[in-house]
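J.: Sequence:
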Amino acid sequence: MSHSDDSPMDNVIPEHEVPDRSRDLERHRPLFDRRIVRSAIVDAFKKLHPRRMVKNPVMFVVEIGSAFTTLLFFHAVVTGRGDAHPAFIFAVTVSLWFTVLFANFAEAMAEGRGKAQADTLRKARQDVIARRLRRGLAHNISLGPSLLDPECRDAELEEVVSSSLREDDIVYVAAGELIPADGEVLEGIASVDESAITGESAPVIRESGGDRSAVTGGTRVLSDWLIVRVTTNPGETFLDRMIAMVEGAKRKKTPNEIALDILLAALTSVFLLATVTLFPFSKFAATASGHGTAVPLTILVALLVCLIPTTIGGLLSAIGIAGMDRMIRANVVATSGRAVEAAGDVDVLLLDKTGTITLGNRQATAFLPARGVRESELADAAQLSSLADETPEGRSIVVLAKNRHGLRGRDMESLGAVFVPFTAQTRMSGVDLPGRKVRKGATDAIVRFVTESGGTFPVEVKATVEDVAKQGATPLVVADGRRVLGVVQLKDIVKGGIMERFAEMRRIGIKTVMITGDNPLTAAAIAAEAGVDDFLAEATPEAKLSMIRDYQQKGHLVAMTGDGTNDAPALAQADVAVAMNSGTQAAKEAGNMVDLDSNPTKLLSIVEIGKQMLMTRGALTTFSIANDIAKYFAIIPAAFVATYPELGALNIMGLHSPTTAVLSAVIFNAFIIIGLIPLALRGIRYRPAPAPALLRRNILVYGLGGVLLPFPCIKVIDLALTTLGVS
0 MSHSDDSPMD
10 NVIPEHEVPD
20 RSRDLERHRP
30 LFDRRIVRSA
40 IVDAFKKLHP
50 RRMVKNPVMF
60 VVEIGSAFTT
70 LLFFHAVVTG
80 RGDAHPAFIF
90 AVTVSLWFTV
100 LFANFAEAMA
110 EGRGKAQADT
120 LRKARQDVIA
130 RRLRRGLAHN
140 ISLGPSLLDP
150 ECRDAELEEV
160 VSSSLREDDI
170 VYVAAGELIP
180 ADGEVLEGIA
190 SVDESAITGE
200 SAPVIRESGG
210 DRSAVTGGTR
220 VLSDWLIVRV
230 TTNPGETFLD
240 RMIAMVEGAK
250 RKKTPNEIAL
260 DILLAALTSV
270 FLLATVTLFP
280 FSKFAATASG
290 HGTAVPLTIL
300 VALLVCLIPT
310 TIGGLLSAIG
320 IAGMDRMIRA
330 NVVATSGRAV
340 EAAGDVDVLL
350 LDKTGTITLG
360 NRQATAFLPA
370 RGVRESELAD
380 AAQLSSLADE
390 TPEGRSIVVL
400 AKNRHGLRGR
410 DMESLGAVFV
420 PFTAQTRMSG
430 VDLPGRKVRK
440 GATDAIVRFV
450 TESGGTFPVE
460 VKATVEDVAK
470 QGATPLVVAD
480 GRRVLGVVQL
490 KDIVKGGIME
500 RFAEMRRIGI
510 KTVMITGDNP
520 LTAAAIAAEA
530 GVDDFLAEAT
540 PEAKLSMIRD
550 YQQKGHLVAM
560 TGDGTNDAPA
570 LAQADVAVAM
580 NSGTQAAKEA
590 GNMVDLDSNP
600 TKLLSIVEIG
610 KQMLMTRGAL
620 TTFSIANDIA
630 KYFAIIPAAF
640 VATYPELGAL
650 NIMGLHSPTT
660 AVLSAVIFNA
670 FIIIGLIPLA
680 LRGIRYRPAP
690 APALLRRNIL
700 VYGLGGVLLP
710 FPCIKVIDLA
720 LTTLGVS
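Those letters in the sequence shown? Residues 0 to 726, by numbering that gives the first Met the number 0.
It should be emphasised that the hints constitute simulated quantities derived from the structure, not laboratory data.
Don't be surprised by glycine CBs; every beta carbon is placed ideally from N, CA and C.
One should not assume that every hint holds.
The calculated label-pair distances, taken between Cβ atoms and stated as ranges, are [stated by the list, open to error]: (1) 719 with 76: 46 to 54 Å; (2) 422 with 551: 40 to 48 Å; (3) 433 with 174: 14 to 22 Å; (4) 85 with 718: 19 to 27 Å; (5) 711 with 545: 56 to 64 Å; (6) 405 with 466: 37 to 45 Å; (7) 401 with 165: 46 to 54 Å; (8) 222 with 44: 51 to 59 Å; (9) 452 with 422: 12 to 20 Å; (10) 644 with 80: 24 to 32 Å; (11) 405 with 34: 56 to 64 Å; (12) 443 with 502: 33 to 41 Å; (13) 44 with 551: 43 to 51 Å; (14) 73 with 644: 30 to 38 Å.
Generate the whole structure from the sequences, applying the supplied hints.
T.: Right, here's the structure in full:
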């Protein structure tokens, strides 16, 4: 694991207490925000430039067709010799331009939502005055004591603007000051307000060493002080990278999007060739039969636009950008669209135990006294040894003693108490009182302490220790000098509702694997209680990396979350790697997503967002291809009925005339894009279900719906045109 089970994780919020940021943002930022809509309308026209349109082959062909019919219209008006009535050509031309503009509008709306997020982040970035350690002193003095001395501080620090800071500069930040740049804490411990970045009002602790040493520029120190080594150059900060990543225009297409682009381009090419050959064919047929006329070029352009997959071609970019936007609304920055897409195909989830499956800190749950010792006596000694213990485990012992036995704090100074802090060498802590030495700690440490004091370790206490360990809990033994008083049981508290979430993952074919540094016995107990499918105990960086590679070699897509430097190799190997914003710089650089809330359970939501994006793209692709069927029945008879009157039998919708039939199909083709923009931006509602069930549902709803919906819509448009006098 990235941290030991003894380390505090106060800044990790239990899943049931984490605010659903995506829903909050949905409530406060409407889908069609006025400012975004206004900007998108302007951008829709700007995107008409051929250099931009050529990136979308389908809509580029539509734009060329629109320009061509525009020329046909002016030719008909000027010469009076058009192949169709100028009013008809004008109506088709306007519908085609609307098709292009609606597609551009959809993409601009998605980009606008991303840019709105970027603008919000820019407000958090500001130039501040930084107090930098003079370069000549940076490697020649002891940082902490010298900078704590006010007389030395002014001589050793120089004030500079934050934009002039470079990598490896060292800055001093006091309470109330903004951290001027991304960096790592070298010395000090402080409470930091990261709300400008994460949106969370609760401050977090940042300290030197470990996995909580990374700080972000633009956040504010609330208490104490920090000495920070800058880890980025100007323009390369985490905030700068976030701004660049959330701006939809800079998003790179994913492999699946590229593949779909190629498919759409191929379909467009096939229909283009087919349509081009129809003109000489119809002209020859009309000449050979001696009656009828060739298909007008305007109708052929309309036919081409209705045949090619314009719906998905117009919405594809919007879907991809909107997927990134949904990640941002969940307070997750994805460094690549590929990662968002891969999240939808993940079938193995690797999760840290502490802070992800459990609440993050072990808590005292029971006092188990030795033979001949009252529980209240054990609780009293355990509380005495924990009053100065600031770890979550120590605080939980004090709380349990208070709740179970009414024991409260006491005046330790009057008792002449001397506290003994926990160290890695002794593996125990406690308090020295006149005539007493109370200790609590690991079993072997207390055995050594009692033996050195001239006592013996009771056999029944050893049995209690073993029983506690078998239950997946951690035993802390308490001794008063040579006398062993009993055991305090510490237990990892599994988060409420986590078992149900793992059950959801299992139902959709995702295997969950818990990673922990605990021994196999403890790991097995927690895994059983949480309901995960598998676990890796006594995990090392090498073991994590090996497990991910093994799954990948078997054809699985693997997601992992981590926050420590020792997680970096595994994060770099995983297909979807979510680094915690509170973690080390190495972890954030290795991951392809950063969770600004530092909530490891977010991984489950990320998978759901990825699946939602894939489902949305698949559903709209199915709908786009399926709704072409109705347009065939509308345009093909209208286009060729003058040459082959028998084709009138295919007019199953009973459309009024060839003119209204073509216009109805083209108008529907344009307006269905704008009608589907909300779905592309918001995404299809995700419900956990196996892949075959989701496929059947999509085919039924969007496949069958794509076939049936256009028929009544085209008929209604035809009736409206007829009512308006179009014939």
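J.: Which hint numbers doesn't this structure obey?
T.: Hints 1, 3, 6 contradicted; others consistent.
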